[in-house]
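Count along the sequence shown from 1, then add 370; that gives the number in our numbering.
Incorrect hints may appear among the rest.
[To be verified] Restraint-style ranges between C-beta atoms, simulated for each label pair:
| no. | residue 1 | residue 2 | range |
| --- | --- | --- | --- |
| 1 | Cys703 | Asn729 | 21 to 31 Å |
| 2 | Ser450 | Gly526 | 29 to 39 Å |
| 3 | Ile901 | Ala808 | 45 to 55 Å |
| 4 | Ser938 | Tyr845 | 50 to 60 Å |
| 5 | Thr439 | Glu504 | 43 to 53 Å |
[What the hints assert, rightly or not] Simulated pairs of lysine-lysine, DSS-like, Cα-Cα distance not exceeding 30 Å:
| no. | residue 1 | residue 2 |
| --- | --- | --- |
| 6 | Lys765 | Lys810 |
| 7 | Lys606 | Lys653 |
| 8 | Lys697 | Lys755 |
| 9 | Lys448 | Lys432 |
| 10 | Lys667 | Lys697 |
| 11 | Lys653 | Lys676 |
| 12 | Lys859 | Lys879 |
| 13 | Lys755 | Lys686 |
| 14 | Lys653 | Lys810 |
Derived by calculation from the structure, the hints in this document are not laboratory data.
Please read these numbers as outputs of a predicted model, since none were measured by experiment.
All C-beta atoms, glycine included, are put in the ideal place defined by N, C-alpha and C.
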Amino acid sequence: MSTLQHIDILDAMKNKLKCKLCAYVGCLGSVRRRLEHLLKEGTSVKACTANSSKLSAVMRAKLQEELVTLDAASARRKTSRAAKEKAVKEMELSARPRKQQKLSKYTKNKDVLDMHYTRMLVTTACKTGFMESEFVASFFATYFNYDVPSRKTLMGPLLDALYNDTKEKVLATCKWKDADSLCTITMDAWVSPTGEHIRNYMLVCDAVTFFHSSTTSGSVAATGEHIGLECVEVIKDVGPENVAGITNDNASAETTSWETIRDAYPLILCIGCTAHGGSLLFKDVCAHTWASTRIEKACIVAKFMKNHTWTNAEIKSRSKERFDASKSIITACPTRFAGTYYVIKRLLELRGLMREMVNSDAFEDKNYPDGELIQGLIGDAALWKDLTVLLAWLKPIECFIRLMDHDCHTTQHVYPGMATILETWNNDDTDWSTLPAAFKRAALKAHKERWEWMLFDVHCAAYALSPEYHRDNVYDNARVMRGLKEIVKFFATTAMQRNGALAEFATLKNNADPALFENITTISSKHWWQIHGTDWPNLQPIALRLFSIGTSSCPSERNFSTFSHIWSNRANSLTHETAHKLVYCYFNIRALQKLRDGTGRSDTVEHGWLATRIAGDDE
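With the hints as extra help, turn the sequences into a complete structure.
Spelled out as structure tokens, the structure:
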């Protein structure tokens, strides 16, 4: 740092220094600039104007030596930098051929790589912005020597090829030609972003659900006859010998379509969605004046807490401290079955926190217009006592809906499920004294009407033939026995077969061999009949057909979330045909993958699931 002997630092931040020899003030921050100034060398800085005698010969030589050393170090850095840049370029050039060589098995056949690329985009629901991005195209071209197809090619021949390939794999996987592997067709309707009425058809076979097709009515009214004719075409495509039944919504047009289906295929059973029936029972009970007034007050509190930023954040913060988990207020969702139940349940969980919050000075400082109303509702002990009892009354219905909306076949659980609701309401161990008598009478009446409305012979026969309920005495149950006889009569073509099936049923109910029923909690009723049903040859084919019928159209409803994800308001330029192919590939490729990985849904439900949920915590 010998140069600083002759330089004064004036402003280090601006590299402003002063020469002690000539009083020059300027940018002399670097060692090189100071050396060039003092030695009067270089062109980038003003030379020192002082007499050279002011610098001793020894000092001049030392400064000259520093400048030479500095030049040598700079030269070494430039050489090193150039060598590194050359090495990087050589490495990049050598790496490219290796990556191309690694992908040679794909690049030899571009069609194969195109299919992989298309499958990647479709199964991840990538938007058109990704397909048309120049950066995506540059990436694949640079590192993989692959020219990505255009959007027109992707949505045209490539999508068609992937669609046809997926369809072949689905048909090969289902194995409906096996007499023991029948499917249920479920259907439901949805309105697209373009205002088209879309109806989709799902195939439910054992533990697998596949998307079959979707249709648009166009200018044709969606009458019962029109829906029935569409369903007939779907059955024809799948094969009537492979279809056990049809499950759809309970709307009038849907039920009217059954006549058209039965005329074409008399042996295919048509039933309504039991999850939808349970939801209607829930609405019937909540519609009573006593219940509706209290639910309305609960929804006011929930809406207030959810819609105000401070209250919503405060509840999340306080709940995290109290429960070690952040919980937020739930508001009613019109598309969710029994949504009101979850609103009340969460409010009861967080009532203590809400009471503390609305009584705090911070809440008072907010000066909300409805603040006093909310304080009064939260502080109303009678209201929350009534909501607690109402929640307990609604719980068996909610559990029933969840059971019917289960991903496995639950045909045999419909009758005992509705009976369990009634038993819970009539249970003397539960204190229902705070409930008005008029409310209880209305709820019991609604239960009776909905039970008669949603119960089919299929449900009665499945309950009677289910090994899970083999200990239940059904002989004294006129409705169950009538349903069983009607189903036997429906499928048995001769009087001998009918009498034989009923006789076999008697031997089944009287069979006390514990080995027959030791595994009923681990396998489905259908699989049980496949294993043990050979002892009852007239009854076995009937039972296998019954336990192949799904009770819920919820798979079709859930598939519309896939539709709305792909065919959204932002992607409303899609045609129905293109959207159908995209949804088909997206849904079914993922279903096939889950089936291969063994991560798909189970075809069994936990033994005693409904009773366990009603008696305990339903989380």
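Taking the hints in turn, this is what the structure says about them:
no.: 1; hint: Cys703 <-> Asn729: 21 to 31 Å; result: holds (30 Å)
no.: 2; hint: Ser450 <-> Gly526: 29 to 39 Å; result: violated (54 Å)
no.: 3; hint: Ile901 <-> Ala808: 45 to 55 Å; result: holds (51 Å)
no.: 4; hint: Ser938 <-> Tyr845: 50 to 60 Å; result: holds (55 Å)
no.: 5; hint: Thr439 <-> Glu504: 43 to 53 Å; result: holds (50 Å)
no.: 6; hint: Lys765 <-> Lys810; result: holds (15 Å)
no.: 7; hint: Lys606 <-> Lys653; result: violated (37 Å)
no.: 8; hint: Lys697 <-> Lys755; result: holds (22 Å)
no.: 9; hint: Lys448 <-> Lys432; result: holds (25 Å)
no.: 10; hint: Lys667 <-> Lys697; result: holds (21 Å)
no.: 11; hint: Lys653 <-> Lys676; result: holds (23 Å)
no.: 12; hint: Lys859 <-> Lys879; result: holds (19 Å)
no.: 13; hint: Lys755 <-> Lys686; result: holds (24 Å)
no.: 14; hint: Lys653 <-> Lys810; result: holds (14 Å)
Consistency with the previously given hints fails for numbers 2, 7, ordered from lowest to highest.
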